[in-house]
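Engineer: Both chains are given apart, each in its own frame, so use the hints to dock them into the complex.
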Amino acid sequence: MTTIKELLTSRKFIFLGLMVALAIPLGITPLGLPVKVTEQTRIMFDTIEELSSDDIIIFATQSSMSTWSEQGSPIMALIRHIFDKGIKTVFVSFRPEGGLMIENAFSNTGTGGRTYGEDYVQLAYVPGWEAGMAAFLESPRDTVTLDYFGNPVSELHLMQEIDDGHDFSLAIIVEGGDIYTEVRQFWASWNLPLGIVSTAGWFAMNLAYAGSAGLVSAGMLNGLRGGAEYEQLLGLPATGTTYMDALSLGILFTVIYIIYGNVEMYMKKTKQVKEI
Amino acid sequence: MAETSIVVSMIAAFMVVCIASFLYRYNAFFKFAEHTFVGLASGYLIVTAYQSTISSTIVPISEGEIIRIIPFILGILIFTTLAPREYSWPSFIPIGLMVGVGIGLTIRSIIFTDIIAQVKASFIPITFDIQGINNLLMSVIVLGIMIYFVYSSRMSEVVRKGVMLKLATFGRFAMMITFGVSFGQVLLAHISLTLAGVEKIVVAPGIYVTAIAVIIIGFDIYKHNKG
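Which chain is which? The protein sequence lines are A and B, in order. Quick note on numbering: our numbering labels position 238 of the first sequence as 238, and the sequence is numbered without any gaps. Quick note on numbering: our numbering labels position 221 of the second sequence as 221, and the sequence is numbered without any gaps.
For reference, chain B alone in the conformation it holds in the complex (with noise of 0.2 Å):
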């Protein structure tokens, strides 16, 4: 178990490496990685949606449920959008029908989460404390942002002077600082994405990968720069 434990994290180790060689330049051992986990990837995601496809219908089908026979017939006629174009027109049916089903899901609901909700959420207790001045701060963000659009529109010279302007200045620094917050957002995950695999080649046994792989770009500088 140990030694497969081992395998498995010099196995890891090399293609955070390979991958990782990138940063000096273009070679095969990144092409080697990049196509493999591509590869993979793919099989992966494929074996899954045949195993789905394969749970979800031939398995109730052959335990008697005939009614499941209809999904299984509609997914068949995606394929024929495959066929010249005048054979492919059966594909719209069970298109049509996703995309049917799909919009009926969403709005039943998308109404209230998106819209009242958050209509209902601007509404907020103006109180003499912390939360308070939050409180007015957002409400006064959301009436800034909303003037800014509006001030943006042919009814922009209705409101481009005075208190109007100061309120859509200030809604645009708001939007500014929420832009740079999420910037700040991305820039944090990015960097948490790469941790497990700095991880893996800093730590023992991966660590023997990282050296041998400096060897490596070590030997092909200094015979690049010979050359």
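Bound-form chain A, shown alone (with noise of 0.2 Å):
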């Protein structure tokens, strides 16, 4: 017969009572729980708001689709800024399906009206890694013959205003990992302005690179929760803050859990000191 210890202990339990937890702001209501704007995020966007029309930034996605659901929401967020603002923007990819997340982007937000080859461009995916990043800021145009699309380089009026990394005002990088490299190849190399898309996991780390050290200066935001953030700098709530909602009610279940797991320790061991 099974006991209740051993039904809250067990992980089929854990994992459903985590889905459950989970599914109700998503599937029943949202629970519209507050989320305070933090300092990183603030300057990401106050850094974009100051830019104009004139400006020219990059947008590279280094992420991988699997990530989406932590990364998609600060994604969406600031393409909506973006367009909104008619910031010129060059879209490009140093991994693989980088380019795969940016149109599932544009699936949700739409291009706000921007017209493709002179409002923005959509790069081909940059092999090489950090030697691509290099090859890619010395002469973008040399480096990538082709868009996202098939279509020549030559025919973007955008790629034409275009010779080198100092052409650009603004890096946004989107990273699911560590940003040495892009910080080494962005901001050493080219003096470019950083701005990073975070995931929580490597958030804490990436962040020595920002505020004191000054290598991210345009803000660092962290994965969903920086989404939400900065969602409500938009003043356009979406699904960065229903996630929030959900993330928050998973992570209570999982405290809860922590909780308990740590007095039922503290009661074994006093126990055992009392059989001795």
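Each hint should be verified, as a subset may be incorrect.
[Said to hold, decoys possible] Below, simulated SDA-like cross-link-like pairs (lysine to any residue); rule was C-alpha separation at most 25 Å, straight line: (1) A:Lys12 to A:Ile251; (2) A:Lys36 to B:Leu137; (3) A:Lys12 to B:Ile207; (4) A:Lys5 to B:Ile221.
If you are wondering where the hints come from, they were derived from the structure by calculation, not from laboratory data.
Structural biologist: See the structure below:
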């Protein structure tokens, strides 16, 4: 006969409980829990706010589709803001799935009436990782000959305005891991202000490059939470805000289990001491 | 268009349910979803790599950029690594070149980004406000962690007492807190990653797929208990 304690600590129950906690705000009703806007998100928002339609920025997506539920909302919020401001954008990817993520974002946000080739371009995947980044910033048109859709880069008007890394005003990097390479190539080599969309797992580590180190000067979004904060600043609550409710409930469920595990361990140890 | 979207959502929900069914037990549906995912991901990567090779070498060469034949040949040479050992030496040329270029690109800026900038960031003003306290705490933590690592080396006998020991202990605690924060962030990230999947199976039309899956699992549990 299964006891309540065995049931509560079984893997199946924990996963089912977590799934139910996540499903309540997603499937039944959003809770509207408050999200405090952090300094790094504010810096990112203000940096983009200061740019004008004369500026050209680079939006490099280095994540894989598996991080979509975490990084999708910050990507979409940033695209909305960039297109709303009319900032010219070069979307590029140094990882094979980056283009797919941007296409996915466009299918949700639309392109805000911006003209492809004039206001924004989406280039093909650039292989070679660090060498690819260095080559792209040195000579974008020679490194990528076709865009994501197979059109020659020479036919894209926006690309004719770019000769090298100095022509960009800002680099927004969507990164699923560490940002060492991007800091080396975009900031140290070309002095480009960097804005990062990090995953939560890497945020604490990547933050060492922001703040007083000053290498990431245009802010850093903390995964899904960063997306929800950015949506608040835009005044357009979307996926990030809904997901954040679910995430908060999921974390609450996990914290209860962590406390329960510690109390259980403490009681077990106390009992053992008494027996001795 | 709407019909296509419903079908796509149903397929996505079916795949999520197949993967989640592993929590019940290892089964054919899980195996199907797992193999489909690996197959699709590999296929996508191969096609992307093929297209990028064509667009960055074959297309420019055909347009008269003959110089690009050099990286193309170097790329082909990598495959000689698959040949018997006495014929595999040509693969060392492109591999050596890649390693050399990689190190060259890294080394020209790593000293600044990972050493000088980080050391510079540790020298911060200590003022009489919240930021000042934060800066002071950061400086003490940096000092404590540095002493902790010196303390664990051969020099340990010199510093294993008094204030040095206290600072080293403080540094160790600070590191533990940092690792705790990192662990918490990883947990946050992992829960975030499940959200899109959960949304697909609890929102219509995916909820119907979930209902069918629950009925199938319930029937299986019943049959298992009866047996």
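Engineer: Are any of the numbered hints broken by this structure? If so, which, sorted upward?
Structural biologist: Of the numbered hints given earlier, the structure breaks none, since each of them holds.
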